[in-house]
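Going line by line, the protein sequences match chains A and B.
Taking the UniProt record's numbering, the leading residue of the first sequence gets 1, the next gets one more, and so forth.
Taking the UniProt record's numbering, the leading residue of the second sequence gets 1, the next gets one more, and so forth.
Each hint should be verified, as a subset may be incorrect.
Only pairs whose alpha carbons sit at most 25 Å apart, straight line, appear in this in silico DMTMM-like list of lysine to aspartate or glutamate [said to hold, decoys possible]:
hint: 1; chain 1: B; residue 1: Lys356; chain 2: A; residue 2: Asp309
hint: 2; chain 1: A; residue 1: Lys231; chain 2: B; residue 2: Asp15
hint: 3; chain 1: B; residue 1: Lys292; chain 2: A; residue 2: Glu53
hint: 4; chain 1: A; residue 1: Lys212; chain 2: A; residue 2: Asp194
hint: 5; chain 1: A; residue 1: Lys231; chain 2: B; residue 2: Asp185
hint: 6; chain 1: B; residue 1: Lys82; chain 2: A; residue 2: Asp254
hint: 7; chain 1: B; residue 1: Lys82; chain 2: A; residue 2: Glu53
hint: 8; chain 1: A; residue 1: Lys307; chain 2: B; residue 2: Asp185
hint: 9; chain 1: B; residue 1: Lys82; chain 2: A; residue 2: Asp309
Everything labelled a hint here was simulated from the structure, so no lab data went into it.
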Amino acid sequence: MKELKAFLIVVIVTGAIYWGVEPYAHSVLHPHVEPANFDFAKEDINLAKTNVEKAETALKAAQASGDATAIDGASKTLESAKAQLEKYSSFWADINSIDLAKGDATSGQNLVVAAGCTACHSIKSAGFEPAMDDKSASEAYGVAPPDLSNIGYLYDGKFLAALIKDPAMTLKVTHKFNDTNPFPMTAFYGAGGDLNQEVADLVAYFKSIAPKEMSDRDVFVESCARCHDMKYVNVFANGNKQSISNYLGMTPPDLSMYIRSRDELYLNNFINDTQKMLPGTSMPRVGLNEKAQKQVIEYMRESGDSKKDERETTGIYIMIYFAILSVFAWAWKRKIWSKLH
Amino acid sequence: MAHITKATSVRDWFDQRIALTKLWNVLAGQYWIPKNINFLWAMGVILTVLFTLLFISGLLLLMYYKPDANLAFDSVNYTIMKEVEYGWLWRHIHAVAASVIFLIIYIHAFVGIYYGSYKKGREMIWISGMLLFLIFSAEAFSGYMLPWGQMSYWAAQVITQLFGGIPFIGGALVEWIRGDYAVSDPTLTRFFMLHVCLLPIVIIMVIGLHFYTLRVPHVNNLEGEEIDFELEAEKYLKGDTINSKVIPFWPGFLSKDFFYVSLFMIFFFYLVSFHFNFAMDPINFDPANAAKTPTHIYPEWYFLWQYEILRGFFFDIGPLKAADIGALAMAFAGISLLFMPLYDRSDVVAPAHKRKGFFVWFWLLIIDLIILTVYGKLPPTGFNAWIGFFSSVGFLVLLLVVLPIITIKERKANR
Chain A
1 MKELKAFLIV
11 VIVTGAIYWG
21 VEPYAHSVLH
31 PHVEPANFDF
41 AKEDINLAKT
51 NVEKAETALK
61 AAQASGDATA
71 IDGASKTLES
81 AKAQLEKYSS
91 FWADINSIDL
101 AKGDATSGQN
111 LVVAAGCTAC
121 HSIKSAGFEP
131 AMDDKSASEA
141 YGVAPPDLSN
151 IGYLYDGKFL
161 AALIKDPAMT
171 LKVTHKFNDT
181 NPFPMTAFYG
191 AGGDLNQEVA
201 DLVAYFKSIA
211 PKEMSDRDVF
221 VESCARCHDM
231 KYVNVFANGN
241 KQSISNYLGM
251 TPPDLSMYIR
261 SRDELYLNNF
271 INDTQKMLPG
281 TSMPRVGLNE
291 KAQKQVIEYM
301 RESGDSKKDE
311 RETTGIYIMI
321 YFAILSVFAW
331 AWKRKIWSKL
341 H
Chain B
1 MAHITKATSV
11 RDWFDQRIAL
21 TKLWNVLAGQ
31 YWIPKNINFL
41 WAMGVILTVL
51 FTLLFISGLL
61 LLMYYKPDAN
71 LAFDSVNYTI
81 MKEVEYGWLW
91 RHIHAVAASV
101 IFLIIYIHAF
111 VGIYYGSYKK
121 GREMIWISGM
131 LLFLIFSAEA
141 FSGYMLPWGQ
151 MSYWAAQVIT
161 QLFGGIPFIG
171 GALVEWIRGD
181 YAVSDPTLTR
191 FFMLHVCLLP
201 IVIIMVIGLH
211 FYTLRVPHVN
221 NLEGEEIDFE
231 LEAEKYLKGD
241 TINSKVIPFW
251 PGFLSKDFFY
261 VSLFMIFFFY
271 LVSFHFNFAM
281 DPINFDPANA
291 AKTPTHIYPE
301 WYFLWQYEIL
311 RGFFFDIGPL
321 KAADIGALAM
331 AFAGISLLFM
341 PLYDRSDVVA
351 PAHKRKGFFV
361 WFWLLIIDLI
371 ILTVYGKLPP
381 TGFNAWIGFF
391 SSVGFLVLLL
401 VVLPIITIKE
411 RKANR
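Make the full structure from the sequences, and use the hints.
Right under this line is the structure:
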């Protein structure tokens with residue numbers, strides 16, 4: 001009994017240290033964020049609201065300190081946070097008003113050419129070959145424009161509609177691009193008819209040509225590998241590295257070990273909403289739907305933690321081995337100590 | 001020359017030449033351990049097992065690891081973790097054992113403090129043990145650098161920079177340690193040498209010394225009772241094993257320890273397979289990048305209390321710069337426990353719960369160390385900085401002022 005008490009004390013002290021150094025310190029170093037939300041309208045408005053709240057708290061703290069420059073800076077931050085909330089609220093209200101169910105794939109097919117999508121984008125599965133190779137394309141645009149064959153698989157309809165109407169807003173790169181430095185993909189202003197109907201038609205077309213299934217690798221390559229390498233599984237960005245670097249302001253990191261260096265939760269939140277996890281980053285919000293995002297993370301595991309299954313089954317076997325050994329060791333100890341007690 | 005006769009058995013053949021039976025009796029068969037002990041006395045054997053695991057897994061990793069700033073990261077994370085069969089297992093065993101061995105070292109050491117096992121003839125056990133702690137710290141630090149991840153690089157940068165505080169030769173010394181102006185390839189290769197060659201040799205030698213120092217004063221027991229080992233051993237050898245206060249190392253002591261080790265291994269492999277992030281910081285899975293400082297730099301959990309003492313002194317005092325006071329305090333904290341037999345002025349050997357003042361002091365020290373450890377990881381801003389300051393001062397005062405006072409009182413009360 002005394003031995004049990006001593007053991008409990010050791011467990012409690014060790015547990016207190018563990019709790020402080022791991023879960024508690026983590027919660028301080030990486031404050032909690034709302035989990036990834038694949039309804040991007042809700043995600044964006046929630047984040048904008050959170051940012052307004054944060055800015056309000058910061059302003060109050062600045063006012064309490066009485067520092068004039070701090071107050072000035074904090075109120076400016078609050079203003080821009082409020083403006084951001086307004087912008088995203090009206091933007092998504094507009095997108096939500098589009099009736100995607102009324103989209104007509106056939107007129108969408110005509111629009112793809114008429115609206116000029118194929119001037120920059122290839123749609124290989126529909127016979128539109130790229131105008132230039134990836135290297136030249138990345139030199140021309142900063143990063144090679146994506147092929148559109150699979151976007152109906154990777155993104156949900158509402159996100160595609162938003163992306164067609166205002167790419168910079170949807171990808172959350174408005175802090176980098178403006179009128180003097182426009183985002184390479186221009187917004188779609190319509191081909192003469194009802195704009196929202198045309199957007200719905202385009203979305204319907206992309207959905208109609210989308211494949212039913214894609215491999216994890218293909219999803220990863222289409223979603224991430226126009227900028228990022230993942231050398232441990234032989235994925236390399238398909239453009240001029242220097243142009244991509246210049247375009248993004250830094251060389252995008254190799255993602256080989258990101259499943260271990262960032263963990264699944266962070267990656268889920270980050271891919272879902274880059275600005276939430278790393279405000280000011282030049283990486284656009286990826287905007288994948290839930291299924292495609294799961295596939296991306298699965299493939300990152302394939303690269304950086306490929307032995308997870310083996311580790312977990314082997315771990316169980318080793319633990320069972322020692323559990324059995326403990327029983328034998330206990331029996332042996334009893335035998336020896338029967339002569340000692 | 002001994003008189004050699006025709007051997008009656010293989011054992012006899014060896015006995016006549018290398019006194020095998022005698023050696024076995026000295027090392028295990030008639031090496032006496034008190035009977036009155038509990039699981040806390042199993043830490044030494046658990047440590048030996050962990051060190052063996054580290055040694056073997058280290059040898060296996062060494063077959064694929066490449067000590068080169070350009071190759072190190074991929075040799076660990078690609079070759080060992082992906083290509084080599086069960087490479088992940090050896091790496092995880094190595095990393096988790098390196099972390100867990102410190103937990104057990106701390107338990108081992110604080111059990112020694114709690115039961116007063118560092119004094120009255122047992123000083124050399126304590127001193128050789130604390131030497132091991134210091135060399136293990138150097139071994140852990142140099143090993144942490146080898147995967148050449150972000151935390152490897154920046155921990156090396158921060159810790160080697162500390163030597164810059166030494167007057168006159170600081171700058172030159174930092175350069176000499178790094179082998180370059182900044183942490184770089186020559187730094188990696190020299191720490192590689194220390195980790196896989198020099199330090200393990202020294203560790204094995206000091207482990208030998210540590211074991212040897214136990215022979216004369218023997219292991220302490222749950223009550224701090226002074227046992228006449230020769231008398232009790234005689235009793236045991238005459239067959240009165242029940243009434244004898246001692247047991248032989250083999251099989252009495254080890255049969256108990258095998259049981260504890262087996263249980264411990266279940267827990268250990270749970271950590272290795274399912275719960276390893278505490279020992280393998282995610283940040284270190286980003287390759288070293290001299291141009292990008294991580295947002296938070298912190299050492300492994302077992303160095304946090306010393307790290308917090310380094311950061312605890314965050315303001316200049318007179319001509320002394322904050323960084324230098326911190327570095328001095330940390331340097332002292334690192335070796336401070338070595339001098340336990342000096343701070344403790346009483347020769348009472350008894351468990352702390354039978355020594356009132358000492359008991360309070362012991363738990364205050366533990367609480368202070370927990371606070372230092374937790375705040376060592378948190379950013380040292382605002383309120384946290386003051387907690388760091390007071391708990392750092394607290395550590396020094398507890399050791400250098402409080403302990404001598406309460407033990408002198410105890411000594412006087414006992415007269």
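Results of checking the hints against the structure:
1. Lys356(B) - Asp309(A): violated (53 Å)
2. Lys231(A) - Asp15(B): Given pair Lys231(A), Asp15(B) is violated - Cα atoms ~61 Å apart, limit 25 Å.
3. Lys292(B) - Glu53(A): This hinted pair is violated, its Cα atoms lying about 31 Å apart.
4. Lys212(A) - Asp194(A): violated (30 Å)
5. Lys231(A) - Asp185(B): Satisfied, since the Cα-Cα distance of roughly 23 Å is no more than 25 Å.
6. Lys82(B) - Asp254(A): holds (17 Å)
7. Lys82(B) - Glu53(A): violated (45 Å)
8. Lys307(A) - Asp185(B): violated (30 Å)
9. Lys82(B) - Asp309(A): holds (13 Å)
In the structure shown, a violation is registered for the earlier hints numbered 1, 2, 3, 4, 7 and 8, in ascending order.
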